[in-house]
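In case you want the letters, here they are:
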Amino acid sequence: MTDLTDLGIADIRNGVAAGTFTAVEVAEAFNAAVAAAQPALNAFIVTTPDAALDAARRVDAARAAGQALGKMAGVPIGMKDLFATKGVQTTAASKILAGFTPEYESTVSQNLWNAGAGMLGKLNLDQFAMGSSNETSAFGNVISPWRRPNDTAPLAPGGSSGGSSAAIAARLCPAATGTDTGGSIRQPAAFTGIAGIKPTYGRCSRWGVVAFASSLDQAGPMARSVQDCAIMLEAMAGFDPKDSTSLDLPVPEWEAGLNPSMAGKRVGIPREYRLDGMDPDVAKSWDDGIAWLKDAGAEIVEVSLPHTKYALPTYYIIAPAEASSNLARYDGVRYGLRDLPDGAGLQDMYAATRAAGFGPEVKRRIMIGTYVLSAGFYDAYYTQAQKVRALIARDFELAFQHCDVILAPTAPTAAFALGEKSDDPLAMYLNDVFSVPASLAGLPAMSVPAGLDRQGLPLGLQVIGQAFDEQGVLNAGLALEQRAGFTAKPAKWW
Amino acid sequence: MTESAYRIQGATGEWEVVIGLEVHAQVVSKSKLFSGAATAFGAEPNAQVSLVDAAMPGMLPVPNKECIRQAVRTGLAIDAQINKWSRFDRKNYFYADLPQGYQISQLYHPLVGEGHIDISLDDKNPDAEVKRIGIERIHVEQDAGKLMHDQHPTMSYVDLNRSGVALMEIVSRPDMRSPAEAGAYLRKLRAILRYVGSCDGNMEEGSMRADVNVSVRKPGAEFGTRTETKNVNSVRFVMQAIEHEASRQVDVLESGGKVVQETRLFDPDTGTTRSMRSKEDAHDYRYFPDPDLLPLELDDAFVEACRASLPELPDAKRKRYETALGLTPYVAGVLTAEVETARWFEALLAETATKQGKGEEAVAKQAANWLTSELFGALNRLGRSLEDSPVSPAQAAELLALVADGTISGTIAKQVFEKMLESGDGAAAIVERDGLKQESDTGAIEAVVAKVLADNADKVEQYKAGKEALFGFFVGQTMKAMQGKANPQVVNELLKKQLG
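So the sequence lines, in the order shown, correspond to chains A and B.
Under our numbering, read the first sequence as residues 3 to 496, first letter to last.
Under our numbering, read the second sequence as residues 195 to 694, first letter to last.
If you are wondering where the hints come from, they were derived from the structure by calculation, not from laboratory data.
Since we're looking at a predicted model, the values are computed, not measured.
Think of the CB as a built atom: it goes at the ideal place given N, C-alpha and C, for glycine as much as any other residue.
Don't take every hint at face value.
DSBU-like cross-link-like pairs, simulated, lysine-lysine; straight-line CA separation at most 35 Å [unchecked claim]: (1) B:Lys285 to A:Lys97; (2) A:Lys365 to B:Lys285; (3) A:Lys244 to B:Lys278; (4) B:Lys285 to A:Lys88; (5) A:Lys365 to B:Lys340.
So the derived label-pair ranges between C-beta atoms look like this [claimed, not checked]: (6) B:Val446 to A:Pro343: 35 to 43 Å; (7) B:His310 to A:Arg273: 51 to 59 Å; (8) A:Lys389 to B:Glu581: 51 to 59 Å.
Stretches of chain B that chain A covers, calculated by requiring three or more beta carbons in the stretch to come under 8 Å of a beta carbon on chain A [as the list claims (entries may be wrong)]: (9) 250-257; (10) 280-293; (11) 485-491.
Input sequences plus hints: build the corresponding full structure.
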């Protein structure tokens with residue numbers, strides 16, 4: 003019998019529907035894999051094997067009763083611990099929320115349960131989704147299942163959805179939710195040789211997702227294939243009246259619409275993404291991608307995104323500004339950590355609670371955000387950044403007059419070792435250089451595995467599409483996936 | 195202005211007061227500005243708190259259309275510009291009554307722009323002294339929760355029922371120059387809000403409160419430095435706060451000091467203000483557009499529907515009462531000052547016209563005079579308001595009809611009204627039961643007149659000798675003999691005839 007943990011969403015869904023195996027068998031296999039890997043990889047903050055089994059039993063019962071099965075029926079998934087899950091601790095990987103158990107379920111996770119998915123556990127992440135390596139989690143690093151050859155140095159699984167990427171790459175779950183604010187789905191996907199798509203801003207409801215930067219945060223699926231991403235995105239997305247920024251549009255049938263032919267399509271190659279001193283492996287993989295899409299029938303055109311160089315500074319003003327305000331609610335009054343020293347007044351309690359509860363990177367961003375919004379600096383930073391953001395969005399609009407999708411690397415390097423960049427925030431922030439522009443413009447963007455670099459570590463290629471055109475992104479992703487033939491998986495060492 | 199301007203007499207001469215008001219008016223709406231939680235006053239603490247109001251992780255605000263509609267209607271009622279594109283901003287600060295750590299407000303792009311309110315400075319003649327007070331803007335924002343510091347020796351209690359309730363902040367221009375003007379402005383604003391139905395104007399329950407900006411200057415000089423006295427919750431207190439604050443500032447300036455720009459608190463027990471925090475400790479609120487909310491865009495149809503839903507407003511109503519109903523400006527002003535009075539009056543007017551088979555303009559004076567003197571007098575004595583008046587407009591119209599058709603005299607009507615208040619019975623039933631019907635039968639009155647004149651032959655002599663003032667005496671004696679039920683007109687006629 004095949005190892006069930008090697009299967010992806012489509013195979014599990016089809017196998018359960020056909021009766022090849024039961025949902026409970028699938029859940030049990032993944033539960034076992036999760037438990038076995040947890041000490042080494044630390045991908046989960048809490049595991050919920052019973053929740054996975056309960057959901058599986060319901061699917062098996064529904065199938066036995068001849069009922070119609072959902073899009074994700076029988077598929078156990080990992081849930082990034084940024085999504086509120088009713089009755090299950092939700093922490094955003096921060097001590098300030100340790101022990102917090104919501105009385106409500108996020109819209110996205112509820113949509114997934116409604117589609118027949120089950121929950122294996124809550125996945126580790128960078129604290130409040132702030133980070134690119136998972137090193138800012140208050141619950142310890144996630145360790146990537148990938149290693150350099152003959153080297154046991156632990157590698158970063160990427161971030162912030164690093165628990166998700168590590169778990170999927172290590173076959174602890176066939177898919178997981180991610181959230182992407184400046185690259186937090188795409189970069190970890192690229193680092194671990196999996197696929198992930200950040201849809202158009204507003205496709206997935208933010209209701210019940212712990213906020214980092216409201217105007218950028220967007221949930222999306224992470225899985226091992228483009229088709230699996232399409233299936234899961236269909237289950238996650240949809241208009242939600244509880245989120246004022248939610249898109250009031252029907253959810254397309256992305257899976258049914260998958261088509262790897264790029265005939266008649268134009269693929270834009272942004273000139274400004276060719277950086278001086280670019281990693282030669284990354285440059286080569288980009289060239290491979292161009293060749294593959296050409297092979298799929300696409301016309302390759304050079305496009306210009308002239309404000310690209312301002313994207314990172316713009317992002318690192320807007321995201322911290324919003325975060326500094328969004329995180330004000332963690333004050334020790336109503337839930338989560340409360341540090342009330344003897345004789346302390348209200349302000350002392352705020353200070354003690356927040357000093358003890360937030361990690362250094364979160365504090366750094368709160369301080370940056372507070373600074374850029376403060377009187378006398380607001381116009382120079384925040385207002386200016388909003389203007390540049392509009393210019394970046396316009397860059398894309400103009401570029402899309404000449405092409406249907408844009409192809410670029412996902413990240414400037416393959417995975418780095420833990421500790422390699424954690425002392426240098428700027429070097430860490432540079433990881434987002436290719437992913438941030440699409441976030442600022444609210445555009446759908448996906449990372450698909452492109453191959454391995456010379457060290458044997460995965461590299462990702464990024465497809466950026468026009469607003470609402472997830473289908474175009476998925477199709478280009480599929481064309482790349484078919485030609486990349488990425489089958490590498492990390493050797494099991496855990 | 196015909197009246198002499200309000201001036202503070204200082205040691206160095208006269209000072210002028212400059213006043214601007216920021217009024218926070220709670221929007222009448224079943225649910226809060228960004229959550230579905232209820233807004234009713236007086237619920238158990240924390241019984242009306244949604245996940246959004248408690249700022250649970252991942253919760254998001256969704257604007258309540260009804261609150262926006264009410265703010266737009268209010269803006270239209272003060273002739274203001276309605277901004278079809280507005281936006282919500284976050285005002286960031288930490289406090290226990292503010293679960294999100296920020297208040298959602300509108301700093302940069304308010305919903306309502308420039309408007310104005312006309313105030314009358316002379317009640318007797320509302321058209322004579324009208325002053326236009328500019329309104330800079332109305333924006334919509336969330337209220338904060340309530341802290342109770344006296345419930346526990348070491349802890350403060352937090353009640354979030356009010357947290358997230360919609361407020362309109364109505365910001366005036368610094369156009370007022372006396373406590374009386376500020377009082378008139380507040381009363382007029384409150385009346386308009388209540389006419390529109392966008393705020394119940396209940397200052398005791400906190401649904402309307404004012405931040406009072408006061409500065410002083412030598413008449414005609416540049417504006418002085420202002421102070422802001424927060425959260426004053428009655429018209430009288432606003433006027434007291436201005437008086438105190440203005441003379442305090444004059445004292446400071448005349449003793450060589452400088453007015454400090456600061457936030458102050460009003461103490462209703464002493465009628466004074468005291469410093470709360472100075473500009474140096476002022477918060478940096480770090481306003482920025484709320485990224486959880488899209489800009490608020492209104493279409494013409496929405497604004498026009500708001501306009502169409504507006505009732506007749508106090509000024510228009512007063513003018514109509516004067517011109518169409520022939521009421522004096524004073525009475526028209528009294529009847530239109532409060533929406534309840536106007537509503538009651540119009541019900542009475544309709545009933546009265548129907549009962550008497552006349553046009554409203556023909557009975558308006560009778561109804562208006564009775565309401566402003568008899569009913570208001572009675573309510574005052576009973577300590578009741580028009581809303582819980584013991585008589586209804588229909589019952590009152592029945593009484594007025596009995597006077598109009600001569601069944602009872604005006605004097606008897608007062609007695610009947612007293613009995614109505616005591617018993618709750620109808621006017622006609624009381625008149626019938628107590629035999630109060632007016633005697634208009636000439637024969638019966640003639641006999642009594644003859645007897646009165648015969649019994650007072652000496653006075654008749656004096657009258658005939660020129661002491662005409664005695665006529666009243668004969669009327670009184672006749673009425674007394676008939677227990678007041680004689681038709682006074684008939685009595686007059688018959689007396690004149692018999693006295694020759």
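Hints and how they fare:
1. For the hint pairing lysine 285 of chain B with lysine 97 of chain A, the CA-to-CA distance comes to about 26 Å; that is within 35 Å, so the pair holds.
2. Note on lysine 365 of chain A and lysine 285 of chain B: the hinted pairing holds, with a Cα-Cα distance of about 20 Å set against a maximum of 35 Å.
3. At most 35 Å may separate the alpha-carbon atoms for a hinted pair to count; lysine 244 of chain A and lysine 278 of chain B meet this at roughly 23 Å.
4. About 30 Å separates the Cα atoms of lysine 285 of chain B and lysine 88 of chain A, which keeps this hinted pair within 35 Å; it holds.
5. For the suggested pair lysine 365 of chain A and lysine 340 of chain B, the alpha carbons sit about 29 Å apart, so the restraint of at most 35 Å is met.
6. Taken as a hint, the range 35 to 43 Å holds for the pair valine 446 of chain B and proline 343 of chain A, whose Cβ atoms sit roughly 40 Å apart.
7. As the Cβ distance of histidine 310 of chain B to arginine 273 of chain A is approximately 57 Å, the hint placing it in 51 to 59 Å holds.
8. For lysine 389 of chain A paired with glutamate 581 of chain B, a C-beta distance near 55 Å keeps the hint of 51 to 59 Å intact.
9. Counting residues of the region 250-257 of chain B whose C-beta lies closer than 8 Å to any C-beta of chain A gives 8; at least three are required, and the coverage claim holds.
10. Proximity of the region 280-293 of chain B to chain A, defined as three or more residues with a beta carbon under 8 Å from a beta carbon of that chain, is established by the 6 residues found.
11. Against chain A, the region 485-491 of chain B contributes 4 residues with a C-beta closer than 8 Å to a partner C-beta. That satisfies the three-residue criterion, and the hint holds.
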